[in-house]
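K.L.:
Put together the whole structure using the sequences plus the hints.
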Amino acid sequence: MTVAVEKPPTPEPPGPEDAVPEAAPAAAVRRVSRRVVVGAILVVWLVLFAVLRGTNTLTLAAADLTDLHRWLNDVYDSIGANRNSNPLFLYFFNEIRLVIDNLATFVQHLISQPSDSRPLPQIGWLGVVGIAGFVSWAVGNWRVALLTVAGFVFFGLQGLWQESMDTLALTLTAVLVALLFAIPLGVWVGLSDRVNKVMTPVLDFMQTMPTFVYLAPLTLFFLIGGASATIATVIYAAPPAIRITAHAIRSVPETTVEAADSLGATRWQSLLKVLLPMSKRTVVMGVNQTIMAALAMVTIAALIDAPGLGKTVIQALQSLDVGTAFNAGLAIVIMAIVLDRVTTAASGREEAARRSGGRFLARRRQLVVAGAAVTAVLVYLSHTYVWAAEFPGEGSVGSSVASAADTASTWVQDNLSGLTNAFRDALTNGLLNPFQTLLTDSPWWLVGAVLVGLGVVLGGWRSGVTTAVCVGLLVGTGLWSDSMTTLASTLVATVMTMLLAVVVGVWMARSTVADRLIRPTLDAAQVMPPFVYLVPFLALFGATRFTAIVAAIVYAAPVAMKIIADGVRNVPATTVEAATSAGCNTWQIITKVQLPMARGALTLATNQGLIYVLSMVVVGGLVGAGALGYDVVAGFSQGQLYGKGLAAGLAIVLLGVMFDRITQAAARRAGA
Amino acid sequence: MTPVQTEVPQRRGTPQDSDGTPVISVRGLWKVFGPKADRVPESEELCGLTRRELMDRTGCTAAVRDVHFDVSPGEVFVVMGLSGSGKSTLVRCLTRLIEPTAGEIVFEGENIRDADDKRLRELRRQKFSMVFQHFGLLPHRRVVDNVAFGLEIRGMGRAERMKRALEVVELVGLSGYENSYPDQLSGGMQQRVGLARALAGEPDVLFFDEPFSALDPLIRRDMQNEVIRLHHEVHKTMVFITHDLSEALKLGDRILIMRDGKMVQCGTGDELVGAPADDYVREFVKDVPRADVLTLRWIMRPPVDEDALDGPELGPDVVVREATRAVLAAEKPVKVVENGKLLGIVGDEEILAVVAGQEGDAR
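Just so you know, the protein sequences line up as chains A and D, in that order.
Take 1 as the starting number for the first sequence in the working numbering and just add one per residue.
Take 673 as the starting number for the second sequence in the working numbering and just add one per residue.
These are calculated hints, taken from the structure and not from any lab test.
It cannot be assumed that every hint is accurate.
What the hints assert, rightly or not - Straight-line distance between alpha carbons at most 20 Å, and here's what the computed DMTMM-like set of lysine to aspartate or glutamate pairs gives:
#1 D/Lys799 / A/Glu258
#2 D/Lys790 / A/Glu258
#3 A/Lys273 / D/Asp817
#4 D/Lys908 / D/Asp817
P.N.:
Right, dumping it as structure tokens:
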């Protein structure tokens, strides 16, 4: 086979005459030629880069603005000026904001913020701890109740009671609103194929976007503050609940629905008596996902002035105060663990309860009443007495945690800096810098052409067109250079993530012990809000691009590992057995059987890895990763950069869409 | 291959004779899946195509093609065919769980295809019920609540439906399990729950869609006997779908054999074995132990002059296996007599030809 053309389109499908007998060789030819084409594209790029370096790079200094950015600023200003006169705002956006704001404020007044006449919230720490413990016990079991009580008391000891309660209040509000929409919508999506067809791409899109980018446009309509934060959280947290509810409804066995039909059930009866009860357990899992997503988002929403732990972390990150950031990050982690455990226990509980029979139920009812009474007393006490309302102590545990973290980070910097810096510098100078230079110093049209070419080769014509559109729009945002910097970090981080994920994933798939040991850690890592990952790496690597990249790798690796492990494990045992009996050694089995057969999983893992990395690299703007992430953050804090921040958010979306389309198209090909 | 609807020779006590009017009468029933399915039954040309040709021409699949049959009151009517023959679609069309494309289904004088949603629900609640291959039980409800489910849907009060449900639970032999959950029961017991749920509403007709295919052979036999017992106790009309010929022969008063959506033959078990309509049916019944199915009517021969006509008498509907001993013990050929009229005679040779499994054409 000869590939002389420089950028040929996807190789022609084999002709009909040789298709049947030579299917396998034809496929091999196609794969090799695709690889060669990619290589050819890269070589041409390097050659042209050497010649054209530094021309048409579209760089834009940090404080410079383009017309688009100024125009967006004007839009923002005019919206600000007409917020209370424009009917659309007066009767629509403002109303929504008012309702959400009132709801959020109401919950905040209950547990976190002082209300008008009182110096303290309505329910003090004792009451909150009581309620949390009681609810955890009632929906879960006494073990998670203990965990909850311990966790909540620890917030107080950390000196972060109010911040924690702010985070909790916003999370709960957002979850409430999200579920109010998501569950009925999910049922509808589950019942109707047509609605499903419409909603699936919308949900895909919503979930592809890095959390971050919801914030910018929302502030345009709902102002910076709690309401925007809550709405952004609702938007981010609703899709998993919708999806899981729909999935639950769809996976009710057809026979069961048919049986109800054959007994003459109306649609409503089969919904209420068959579909909903049978999907209850899965829906509770959806609630779990929603809560975790909401918590992650609420902390990030600190960027638009949402109160709570996220704010503490961000302020500490911006002043490079590792100790404080660690303390608050720890609180976020604990809250994530508590919420996750409680909802997981809730989804498992029903099963256990109904098995244990009637006598237990009767006793349980008495216990619930007694528990409720005790809780009521605690709430009353915390409403009435200061000692039960205000968490006692100065948060000394928090200070010790902070200083311990500081000491540790200083120690690490003093003693390991040689190692960490060497690692950082090697990677930065060896891989990141050259790659970034290649991307940013090439003429934009060259990079664009390369991207479109790769899109076509890897994903087919349609993804090529999508890439072309995205490239065009990226240029239009005026942030081409920043986008390329972010792209460089993202790609480097993704490559590292995939290397790590393939090694660990294959290991997990081949060894049950490894899987049993690693999987819980991965599960735990996935519930963490993204930017708690920044804190330890900030201590290790200081405020650089590299910190963001390492945090991104750690953030994205768990999901990629799990996908690869599952993909490799799904390779039929007989195939592996056949390879073994043919005399393959372990390495041959992995490289020639398991990985090629898990190709679909590998591309899917790349897709997820890219999206996760992108969202983290952007958050890395907080700790000196610069580029698009910095533009967005700066846009929130400085009025004249607002438009630029919005454009940067758009650029992130475009990068996300581009990655997603190419990898998904490639995954479809691999699967076919 | 034209469907053959043989005249039914009266067999051991078939309830055929109880009443002339059928409970269910199906005429020209079609179910076509695919785009613009309606045109297929209307067009004579399309009707004539094979399944494959129809798929290529129109993109449609005809699951049920021009099926017609009657089910008499109290009868167990079995529809048999291999997978993909359209039998499950057929039974779903009868209660319109799948909407038929053409034809009529007359139940107690009413064309079910004309029923609106409300009437259809009423029929399903009061007149029909169905037992499914994969049970279709509600895992979150106890056995007794599953059994009472149909009654609950009708709006029956709690106390009343529980009382009825417990009766039926006992009827199907599940006493002591009423408070268990379905996943705590074995497959056979789960299907008993399905059966009880179907019986609870006192329907006129029970539909069974391969109810025992998912069960182990021994349990399947138990359940078949259970159905026979229940049929004796409650005398319901039953339409039973199966892919298992021995099950069909064991349970069915009459059997309809389907292939590629068309009916191939409809008749009693001994008719299928004794007079298969075509090679397909012949192939099907090849391995059936003929002595268990065929009656003397099928093996008797006309008497010739040298036959002694003073041997013992037997009826024409006696199964060969039951007659074997008597025929062999008698010194002279056995006379087959119906209402005092001599139909033919059966000697050792005829009996042995069947019992020894000799491949003789059974006429």
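K.L.:
For each hint, tell me whether it holds in the structure or not.
P.N.:
A quick look at each hint next to the structure:
Restraint check: the Cα-Cα separation between D/Lys799 and A/Glu258 comes to about 16 Å, which is no more than 20 Å; the hinted pair holds. Between D/Lys790 and A/Glu258 the CA atoms are separated by roughly 17 Å; this keeps the pair inside 20 Å, and the hint holds. Only pairs whose Cα atoms come within 20 Å are accepted, and A/Lys273 paired with D/Asp817 is accepted, the gap being roughly 11 Å. Distance hint between D/Lys908 and D/Asp817 is unfulfilled; the C-alpha atoms sit about 23 Å from each other, more than 20 Å.
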